[in-house]
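Student: These are the residues of each chain, in order.
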Amino acid sequence: MISLPQTTPPQAQESLPANRCPFDPDRRYEELRADEPVPRVSTPAGFDVWLVTRYEDARAVLGDAETFSSVDASSSHLMGDKDNLGAPPPPGVMLRHDGDSHSRLRLRLAREFMVKRVAKLEPFIRRLVCDHIDRLAEREGPVDLYRAFSLPVPALVISEILGVPEEDRDEFERATASQVDLSLSLEERQAAAIESAGFFVRLVQSKIENPGDDLISRLILEHTELPLDAAELQGIALLLLAAGHDTTANMITLSTYALLQHPEQAAKLQDAAFQETGVDELIRYLTIVHNGVLRKAVRDTTIGGRIIRAGEHVAVVLESANRDAHFLGDADQLDLDRKSAHLGFGYGPHQCLGQHLARLELRIALPELFRRLRGLRVAVPDEDIAFKNDMVVYGIKELMIDWDEVVA
Amino acid sequence: MKFDIELDKCVGAGVCAIAAPKVFDQNDDDGIIVVLNPSPSPDQEAAVRDAAVRCPAAVIKLTEQ
Chain A
19 MISLPQTTPP QAQESLPANR CPFDPDRRYE ELRADEPVPR VSTPAGFDVW LVTRYEDARA
79 VLGDAETFSS VDASSSHLMG DKDNLGAPPP PGVMLRHDGD SHSRLRLRLA REFMVKRVAK
139 LEPFIRRLVC DHIDRLAERE GPVDLYRAFS LPVPALVISE ILGVPEEDRD EFERATASQV
199 DLSLSLEERQ AAAIESAGFF VRLVQSKIEN PGDDLISRLI LEHTELPLDA AELQGIALLL
259 LAAGHDTTAN MITLSTYALL QHPEQAAKLQ DAAFQETGVD ELIRYLTIVH NGVLRKAVRD
319 TTIGGRIIRA GEHVAVVLES ANRDAHFLGD ADQLDLDRKS AHLGFGYGPH QCLGQHLARL
379 ELRIALPELF RRLRGLRVAV PDEDIAFKND MVVYGIKELM IDWDEVVA
Chain B
4 MKFDIELDKC VGAGVCAIAA PKVFDQNDDD GIIVVLNPSP SPDQEAAVRD AAVRCPAAVI
64 KLTEQ
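Chains as they are written, first to last, in this note's numbering: chain A, 19 to 426; chain B, 4 to 68.
If you're looking for bench data, these hints aren't it; they were derived computationally from the structure.
Ideal placement from N, C-alpha and C gives every residue a C-beta, glycine not left out.
Some clues are possibly wrong.
In silico DSBU-like links for lysine-lysine, alpha-carbon gap of 30 Å or less [to be verified]:
| # | chain 1 | residue 1 | chain 2 | residue 2 |
| --- | --- | --- | --- | --- |
| 1 | B | 5 | B | 25 |
| 2 | B | 12 | B | 25 |
| 3 | A | 134 | B | 25 |
| 4 | B | 5 | B | 64 |
| 5 | A | 138 | A | 357 |
| 6 | A | 357 | A | 286 |
| 7 | A | 134 | A | 286 |
| 8 | A | 134 | B | 64 |
| 9 | A | 357 | A | 406 |
| 10 | A | 286 | A | 415 |
| 11 | A | 357 | B | 5 |
| 12 | A | 100 | A | 406 |
| 13 | A | 286 | B | 25 |
| 14 | A | 100 | A | 415 |
| 15 | A | 134 | B | 5 |
| 16 | B | 25 | A | 357 |
| 17 | A | 286 | A | 138 |
| 18 | B | 12 | A | 357 |
| 19 | A | 357 | A | 134 |
| 20 | B | 12 | A | 138 |
| 21 | B | 25 | B | 64 |
| 22 | B | 25 | A | 138 |
| 23 | A | 406 | A | 286 |
| 24 | B | 64 | A | 357 |
| 25 | A | 134 | B | 12 |
For each label pair, taking beta carbons as the anchor points, the in silico distance ranges come out as [stated by the list, open to error]:
| # | chain 1 | residue 1 | chain 2 | residue 2 | range |
| --- | --- | --- | --- | --- | --- |
| 26 | B | 49 | A | 351 | 20 to 28 Å |
| 27 | A | 425 | B | 67 | 48 to 56 Å |
| 28 | A | 357 | B | 45 | 13 to 21 Å |
Given the sequences, and given the hints that come with them, work out the whole structure.
Tutor: This is the structure in structure tokens:
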């Protein structure tokens, strides 16, 4: 192997581009992809990273988990504590585990989220969607779509999967909604996070004592050489909730707004083609997991012509990669009929575990919202809509909607 | 069309099962790839190619076009 001369990476001259507008990535990405595809930038967490902006380079980094560790994944550059970089990953939180430690967790959960398993949830999801639209019908608009529909539906789906008892679901939903409610203070949100952490400790304990037919109980009852301990089970439950619930909620809200802005695309929602390709195109076009997915090089390598040294961090900008013209012609257009190998769910061994569940939820929720809420519209001027530029997952903070009538 | 499968790289993402459902499925025990049809017919070739490019762990390698 050729050994490369050691150098200190240059001090970043630019900050992480994070001004979306409103569906497009920050405007600087187009130039970066053309002229400087792997720039050095400063981040909100106070350390510099290499940004990966092109589609091919994004696949190269995320697909090579032996060179690029997930130990600081996936958002330490956005909200992490820079003094804690490289700390051992918390038990069960598989998105920060590498190699065998990751596979052990991932393969035990993959079967729970595989295509045919998820398909069995369709009647349950359909009923939830129907009930929540019925509840909208009982109210006078305008209503915040995010709080009234987008958040509770995925929260109730994941609580069904995890086996949260019926009588605890309201508490579960309130605690989880509070964590992402920006109208609450940071302290209030942290208190909600602690409350829900306590909730998972109690949930796992109750499944150990009294297992049922749910994901956590199956993990407990499974006979295996390396059983999962309680801390791992709590980590898994927390991660599944955090990764699988607000993401889908943001996709429902942001997709609704995007489709209202693109009526020619919204007209395709009831077609079979939407079921086939439309959801993935929305996921590509909107790429809500934005501002970079963090990896750490464990050996010297080269990406996009740039030498990356062992120990340096790389942030893969999915929203930029998904708009790369070398990957897809007319990438800035929304076209629900097209199929692509987009990176909206990430790429590599850590690609979204719950992707088939997310697809199913969106495939049911979006056509039903547009079909049943006749005259669906946004009830505030566009300039009053607040977007989540500052958050790890992109979306709309509150989307006030109104409608003419609700049909059956 | 022929392809090889690198089973030990599979993470059970199941992208192959939606890209080419007549050719690939997932094992009930751990969600990893199951080949339903090792010699896909010409009308399945585009789907297999799609599965190969979308597989996040690059498990499917086309060996013969």
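Student: None of the hints should be skipped; say for each whether it holds.
Tutor: How the hints compare with the structure:
no., hint, result
1, B:5 <-> B:25, "holds, 15 Å"
2, B:12 <-> B:25, "holds, 21 Å"
3, A:134 <-> B:25, "holds, 13 Å"
4, B:5 <-> B:64, "holds, 9 Å"
5, A:138 <-> A:357, "holds, 25 Å"
6, A:357 <-> A:286, "holds, 15 Å"
7, A:134 <-> A:286, "holds, 26 Å"
8, A:134 <-> B:64, "holds, 24 Å"
9, A:357 <-> A:406, "holds, 27 Å"
10, A:286 <-> A:415, "holds, 26 Å"
11, A:357 <-> B:5, "holds, 23 Å"
12, A:100 <-> A:406, "holds, 23 Å"
13, A:286 <-> B:25, "holds, 26 Å"
14, A:100 <-> A:415, "holds, 27 Å"
15, A:134 <-> B:5, "holds, 26 Å"
16, B:25 <-> A:357, "holds, 18 Å"
17, A:286 <-> A:138, "holds, 25 Å"
18, B:12 <-> A:357, "holds, 25 Å"
19, A:357 <-> A:134, "holds, 21 Å"
20, B:12 <-> A:138, "holds, 27 Å"
21, B:25 <-> B:64, "holds, 17 Å"
22, B:25 <-> A:138, "holds, 19 Å"
23, A:406 <-> A:286, "holds, 27 Å"
24, B:64 <-> A:357, "holds, 21 Å"
25, A:134 <-> B:12, "holds, 21 Å"
26, B:49 <-> A:351: 20 to 28 Å, "holds, 23 Å"
27, A:425 <-> B:67: 48 to 56 Å, "holds, 53 Å"
28, A:357 <-> B:45: 13 to 21 Å, "holds, 19 Å"
Every hint, counting from the list given before, is met by this structure.
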